[in-house]
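**Q** Whenever a hint applies, use it, and build me the whole structure from the sequences.
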Amino acid sequence: MRIPTKARYGLRALVDLAGHDGSGRPVLLKDIAARQDLSERYLEQIFSGLRRAGLVRSVRGAKGGFLLARPPAEISLLEVVEGCIGNLKMVQCLENDSSCNKTAKCATYVIWKELTAVMEDYLRDKTLASLAEVQEELDADNLTYYI
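Quick note on numbering that gives the first Met the number 0: the sequence shown kicks off at 0 and runs consecutively.
No wet-lab data here; the hints were simulated from the structure. Heads up, a few of these hints could be off.
As the list claims (entries may be wrong) - DSS-like mimics (lysine-lysine), calculated; alpha carbons at most 25 Å apart, straight line: (1) 88 to 101; (2) 112 to 88; (3) 88 to 104; (4) 125 to 5; (5) 125 to 88; (6) 5 to 101; (7) 125 to 112.
What the hints assert, rightly or not - So the derived label-pair ranges between C-beta atoms look like this: (8) 107 to 86: 17 to 23 Å; (9) 40 to 91: 27 to 33 Å; (10) 30 to 103: 48 to 54 Å; (11) 0 to 56: 28 to 34 Å.
The C-beta atom is built at its ideal place from N, Cα and C for all residues, glycine as well.
**A** This is the structure:
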């Protein structure tokens, strides 16, 4: 299974936003897009879902942009992924039991259900703050010093 691009880019964008959130000033999508090498238009679509999910808020005007709606330590990675793509259910029958009449006697249903639960639990336990810290460490390791 592959995590959809929307979720991957949404996580990257919110990690970027979390890294710039301390200033209290809104961050422009074009700046996030430039730093992350992503399409600004695609980020607009992603941030629309993140705003509906209550994870970011937009500020209009000349000094406008986006801010996290809550502190990064209070935003789980599961919330971000679900804000981008809806849910993380691996197969249709996990979303709606009536979509398949075989779920009661399907051994694979159990596997997909358990695997989905493991992924959701893992992402629920990780926060945007913890991922932003990892990014900060990676950025520090990649600094080049010139003499």
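**Q** All the hints need checking, so say for each whether the structure fits it.
**A** Evaluation of the provided hints:
With a CA separation close to 17 Å, the supplied pair residue 88 and residue 101 stays within the 25 Å bound. Only pairs whose Cα atoms come within 25 Å are accepted, and residue 112 paired with residue 88 is accepted, the gap being roughly 8 Å. About 19 Å separates the Cα atoms of residue 88 and residue 104, which keeps this hinted pair within 25 Å; it holds. Our distance criterion of 25 Å between C-alpha atoms is met by residue 125 and residue 5, whose separation comes to about 19 Å.
For a cut-off of 25 Å, the pair hint linking residue 125 to residue 88 stands: about 18 Å separates their Cα positions. About 31 Å separates the Cα atoms of residue 5 and residue 101, which puts this hinted pair outside 25 Å; it is violated. The straight-line distance between the Cα atoms of residue 125 and residue 112 is roughly 20 Å, inside the 25 Å bound, and the hint therefore holds. The beta-carbon spacing between residue 107 and residue 86, approximately 19 Å, falls within the hinted interval of 17 to 23 Å.
Residue 40 and residue 91 have their C-beta atoms about 29 Å apart, which keeps the hinted 27 to 33 Å range intact. Judged by the Cβ atoms, the range 48 to 54 Å given for residue 30 and residue 103 holds: they are separated by roughly 51 Å. Distance hint check: the CB atoms of residue 0 and residue 56 are about 31 Å apart, consistent with the given range 28 to 34 Å.
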